[in-house]
Amino acid sequence: MPKILSADKLDNCIERWKSSGNTVIGPVRKSNISAYRPVEKASEFELDIVLPDLSIKELFFPQTEPILKYAIRKQAIDTTEFLPPSGKRIVFGARPCDASGVAIDDPLFGWDYRDEYWFQRRNETVIVSIACVKADDFCMCTSLNLAPDSTMGSDILLRPINGGKGWLVEEITDRGRDAFASIADLLQESTESPVPPAAVPEKFNLEACVEWLKNPENFESRFWKEISVRCIGCASCTYLCPTCHCFDIQDEGDTYSGIRRKNWDSCSFALFTMHTSGHNPRSTQSARWRQRIMHKFNYFPGKFSLNKCSGCGRCSRQCPVDMGITETLQEISKLLP
Amino acid sequence: MKEHNHHSHQNIYKPAVMKIVARHDEAPGVKTMRLEFQDPADHELFRENYRTGMFGLYGIYGEGESTFCVASPETRKDYIECTFRQSGRVTSALANSDIGDLITFRGPYGNRFPIEDFYGKNLLFIAGGIALPPTRSVIWSCLDQRDKFGKVTIVYGARTVADLVYKHELEEWEKRDDVDLVLTVDPGGETPDWKNKVGFVPTVLEQAAPSPENCVAVLCGPPIMIKFTLVSLKKLGFEERNVYTTLENRMKCGVGKCGRCNVGSVYVCKEGPVFTAEEVSRMPAADL
Chain B
1342 MPKILSADKL DNCIERWKSS GNTVIGPVRK SNISAYRPVE KASEFELDIV LPDLSIKELF
1402 FPQTEPILKY AIRKQAIDTT EFLPPSGKRI VFGARPCDAS GVAIDDPLFG WDYRDEYWFQ
1462 RRNETVIVSI ACVKADDFCM CTSLNLAPDS TMGSDILLRP INGGKGWLVE EITDRGRDAF
1522 ASIADLLQES TESPVPPAAV PEKFNLEACV EWLKNPENFE SRFWKEISVR CIGCASCTYL
1582 CPTCHCFDIQ DEGDTYSGIR RKNWDSCSFA LFTMHTSGHN PRSTQSARWR QRIMHKFNYF
1642 PGKFSLNKCS GCGRCSRQCP VDMGITETLQ EISKLLP
Chain P
34 MKEHNHHSHQ NIYKPAVMKI VARHDEAPGV KTMRLEFQDP ADHELFRENY RTGMFGLYGI
94 YGEGESTFCV ASPETRKDYI ECTFRQSGRV TSALANSDIG DLITFRGPYG NRFPIEDFYG
154 KNLLFIAGGI ALPPTRSVIW SCLDQRDKFG KVTIVYGART VADLVYKHEL EEWEKRDDVD
214 LVLTVDPGGE TPDWKNKVGF VPTVLEQAAP SPENCVAVLC GPPIMIKFTL VSLKKLGFEE
274 RNVYTTLENR MKCGVGKCGR CNVGSVYVCK EGPVFTAEEV SRMPAADL
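Chains as they are written, first to last, in the numbering used here: chain B, 1342 to 1678; chain P, 34 to 321.
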């Protein structure tokens, strides 16, 4: 019989998970920004939202990550590596688009050279997603062949039951099963049916748009200039995106001692690709926006058979000039025969 | 064409420490350094993995890392030689480093020139200015096993006589009977005692007219030179698939993660830096 996790048992779950060494993380609003943050008790969660403002990405790929500490001595360089932090974590109340966003980046961080900063955290984190019963005008998972109740990237999928009393438990992975085995006695058998997932209308026909993107004739189409003329290159879209992974490596300190860090970077910035000679392969904002769209829907799928977008819609929702992925692909749709 | 060492369970961003054991001024602002590994384990990995054409990230803590080729051949792996122009923050710091100083190296990364495929063929090397270093790595990799290849022709040009790099090696190649060396400088770049050609590389190449018959061309240079030299090679009858070149883009990670070096769908750091002209022609020109 299906099991439900009752909302009033959530505090017991958190306690149980914490006592077995887990950090429990979930959507929390602080300074009016909702993000995935550690909690002590269930009341800190803000689950009744469409999705957190900030994506889940930073739990696996922080804005800034120390790689190593260096100290230069006369005849030696002393380095101390910062190992990927270890520690079991349970993310409760992730959105399916965030969970799939993380899974989309696994092949990128793993092809040939494994980024252990990413995988250490991936291996120690259980993602418990809650299927969306609310959506807004920016949500577009269904246009990406995903859904408000997708299981991609989730270890457990919870489906809300009527009246906000709790969630129907769907175990997806062994890792999820293990995490829920420890709270098995807190679950109840139930025949209750879940609230249907939110209706997210299809915003664009992805396959048709991808065909257009793949046509080499369109690489230098006027379209790119027209769509991105209002882009101010602020990079909000890339920072908020659960799948954007571009980064920089920078030294903080001087030539005697300091810390080498891996920091978020963005393809929206002119400096991102600028050669020392001054030559810049992506010298205009339109070339940079084209790169972002091409990378997400043409290049990345070509390499890893995954769209590099999970449809969370943050790029459009937070864009100061209203030109996210949805707007772009909708405009491309208008150019289709 | 791909060979990779799977660096599992180790920090892929941690560089090896190298000691500068020799240092040479090549041309105004251009230096060559010979580097030796300090940790035998790092050296062993390099010996196992390095093939001509691969690149590395050379660095100084506090300044950062800079990407350029390994200029020494795969037939000489006791050390790494690199040649660079002092132009940015990292290369300036490197240029100011002295013999005995320690710097860092990450690599070797990327693909390589498939020189086994060149066995029995005539080789035409064409380089411009500071792009002789990647070419020189292939040249010596082939000359160190000279009997495996046919005729070897090297066409090298720079803006001025002073800008020619590896002058001592140019002399050595000049003297060899088994190498045809064609040297040129751009019009106005000659000195009164300059006895070689005056003219741009594509023009000089067309005059030298090497036969495309059973010949592979390796072409490295600034983008503008590559563009016009490809036209000349075509005129001479070379097929694009027999012309190899390298792309150089800004890189930070070198291992296909940081997202900045791609040209179209190609990650230069992993699928390159060595490409045939045919492969390059399929890339979006506006992204180069």
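Take the hints with a grain of salt, since some may be wrong.
Simulated restraints on C-beta separations [claimed, not checked]:
| # | chain 1 | residue 1 | chain 2 | residue 2 | range |
| --- | --- | --- | --- | --- | --- |
| 1 | P | Lys-208 | B | Asp-1595 | 41 to 49 Å |
| 2 | B | Ala-1417 | P | Gln-240 | 36 to 44 Å |
| 3 | B | Thr-1596 | P | Arg-192 | 47 to 55 Å |
| 4 | B | Thr-1596 | P | Asp-58 | 20 to 28 Å |
| 5 | B | Ala-1611 | P | Asp-111 | 36 to 44 Å |
| 6 | B | Asp-1419 | P | Lys-228 | 48 to 56 Å |
| 7 | P | Lys-110 | B | Glu-1543 | 54 to 62 Å |
For the record, the hints were derived by calculation from the structure and aren't laboratory data.
All C-beta atoms, glycine included, are put in the ideal place defined by N, C-alpha and C.
Each hint tested on the structure:
1. The hinted window of 41 to 49 Å between Lys-208/P and Asp-1595/B holds, with their beta carbons roughly 47 Å apart.
2. At roughly 54 Å, the beta carbons of Ala-1417/B and Gln-240/P sit outside the given window of 36 to 44 Å.
3. Checked against the given bound of 47 to 55 Å, the beta carbons of Thr-1596/B and Arg-192/P, roughly 33 Å apart, lie outside it.
4. Evaluation of the 20 to 28 Å hint for Thr-1596/B and Asp-58/P yields a pass: the beta carbon distance comes to about 22 Å.
5. Under the hint 36 to 44 Å, the C-beta atoms of Ala-1611/B and Asp-111/P, about 42 Å apart, fit the expected range.
6. Distance hint check for Asp-1419/B and Lys-228/P: the Cβ-Cβ separation is about 53 Å, which falls inside the suggested range of 48 to 56 Å.
7. In this structure the supplied range 54 to 62 Å holds for Lys-110/P paired with Glu-1543/B, their Cβ-Cβ distance being about 57 Å.
Hint check: violations occur at hints 2 and 3; the rest are consistent with the structure.
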